[in-house]
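In the order they appear, the protein sequences are chains A and B.
For the first sequence, position 90 (counting from the first letter as 1) is numbered 90 according to this note's numbering, and the numbering increases by one without interruption.
For the second sequence, position 11 (counting from the first letter as 1) is numbered 11 according to this note's numbering, and the numbering increases by one without interruption.
You can trust all of the hints, since none of them are fake.
Lysine to aspartate or glutamate pairs mimicking EDC-like chemistry, simulated, CA-CA at most 16 Å apart:
hint, chain 1, residue 1, chain 2, residue 2
1, B, Lys88, A, Asp59
2, B, Lys33, A, Glu13
3, A, Lys33, A, Asp77
4, A, Lys80, B, Glu13
5, B, Lys80, A, Glu13
6, A, Lys122, A, Glu52
7, A, Lys12, B, Asp77
8, B, Lys155, A, Glu65
9, B, Lys23, B, Glu56
10, A, Lys135, B, Glu13
11, A, Lys62, A, Glu119
12, A, Lys88, B, Asp59
13, B, Lys155, A, Glu116
14, B, Lys135, A, Glu18
15, A, Lys160, A, Glu94
16, A, Lys155, B, Glu65
Just so you know, the hints here were simulated from the structure itself, not pulled from any lab data.
2 protein chains.
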Amino acid sequence: MEIINGNLKSFKERRFPEKICFKPIGVIHSPFKSLKGIPIQPTMSKTSGMIEIFAEYQDGLKDLEGFSYIYCLYVFDMVKLPVPLLSKPFLQNELKGVFSIRTPFRPNPIGLSLLEISEINKNVIKVNNIDVLDKTPVLDIKPYVPQFDFRETDKIGWLKNKIRDKIS
Amino acid sequence: MEIINGNLKSFKERRFPEKICFKPIGVIHSPFKSLKGIPIQPTMSKTSGMIEIFAEYQDGLKDLEGFSYIYCLYVFDMVKLPVPLLSKPFLQNELKGVFSIRTPFRPNPIGLSLLEISEINKNVIKVNNIDVLDKTPVLDIKPYVPQFDFRETDKIGWLKNKIRDKIS
Numbered sequence: 001m002e003i004i005n006g007n008l009k010s011f012k013e014r015r016f017p018e019k020i021c022f023k024p025i026g027v028i029h030s031p032f033k034s035l036k037g038i039p040i041q042p043t044m045s046k047t048s049g050m051i052e053i054f055a056e057y058q059d060g061l062k063d064l065e066g067f068s069y070i071y072c073l074y075v076f077d078m079v080k081l082p083v084p085l086l087s088k089p090f091l092q093n094e095l096k097g098v099f100s101i102r103t104p105f106r107p108n109p110i111g112l113s114l115l116e117i118s119e120i121n122k123n124v125i126k127v128n129n130i131d132v133l134d135k136t137p138v139l140d141i142k143p144y145v146p147q148f149d150f151r152e153t154d155k156i157g158w159l160k161n162k163i164r165d166k167i168s
Numbered sequence: 001m002e003i004i005n006g007n008l009k010s011f012k013e014r015r016f017p018e019k020i021c022f023k024p025i026g027v028i029h030s031p032f033k034s035l036k037g038i039p040i041q042p043t044m045s046k047t048s049g050m051i052e053i054f055a056e057y058q059d060g061l062k063d064l065e066g067f068s069y070i071y072c073l074y075v076f077d078m079v080k081l082p083v084p085l086l087s088k089p090f091l092q093n094e095l096k097g098v099f100s101i102r103t104p105f106r107p108n109p110i111g112l113s114l115l116e117i118s119e120i121n122k123n124v125i126k127v128n129n130i131d132v133l134d135k136t137p138v139l140d141i142k143p144y145v146p147q148f149d150f151r152e153t154d155k156i157g158w159l160k161n162k163i164r165d166k167i168s
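Chain A extracted, bound-state conformation (with noise of 0.2 Å):
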């Protein structure tokens, strides 16, 4: 968090916010028009798919064509408030904690898919492996870089020894 230089609040206007609001910068098009058949995680998807960045906001993707991969963050729209705290992953029968998991069923329903860059064409991010339904509303874009986003470890929970390769 680099934070000096730029337009702030000051100290004394700053109150714990009771909820905070965004405006979606983009939607996502993907060819995943129902809820059936979605790939669990982009790496078990080899679907091609396109962010569309609303015009007002193409500027910002100046300098972007340069990276092989982007964070996207959206939103679960579809999901219905409140949610258990507890749930089921995929495939599997055992409750779990909510933030354990990554299901799209979570008190703020925000999603984060790693995808790769295959093209940017003006206001339009082509992307390899979607794993989201059409028409999603998009939050941010921030590029991924290894040096930053990358951990090396096994201690992966309940996930150990579950994870499938297999595309879906």
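Using the hints provided, position chain B relative to the given structure of chain A.
Okay, now just chain B, sitting in the frame of chain A:
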């Protein structure tokens, strides 16, 4: 996005949202009480901090202690909107598109930090490498799983040859 089982809206009700609101699920406690000296990335931090998950969400932390790392999603709540779509990344002098840099000054100022779990006590996650301002509102916690979250690439755009390993 695995979304079949759970409480869902119908496609008939689905409207593209003008804005989306979230309630913080917790708050970050860190030694960084002002905006000076906050590390640029968790990889550049050796400072411990705590994520307090509000009591009503505590059950969601079940099973998380089995993981080494978490993604913490939070709000850069000191940032005033709107932000410029081109801005200068840390220690650089050229304007870059906001979606190709990791600045807090984003159209939707959502932060993503990959943090190492030190211990979990009740509703508090102690982490080893905090890079976030004290009293920052937390939106979500997800387990980090290298099999889902690592991509090998040296295509890191304008950051090529510019990454400092130094702890700041």
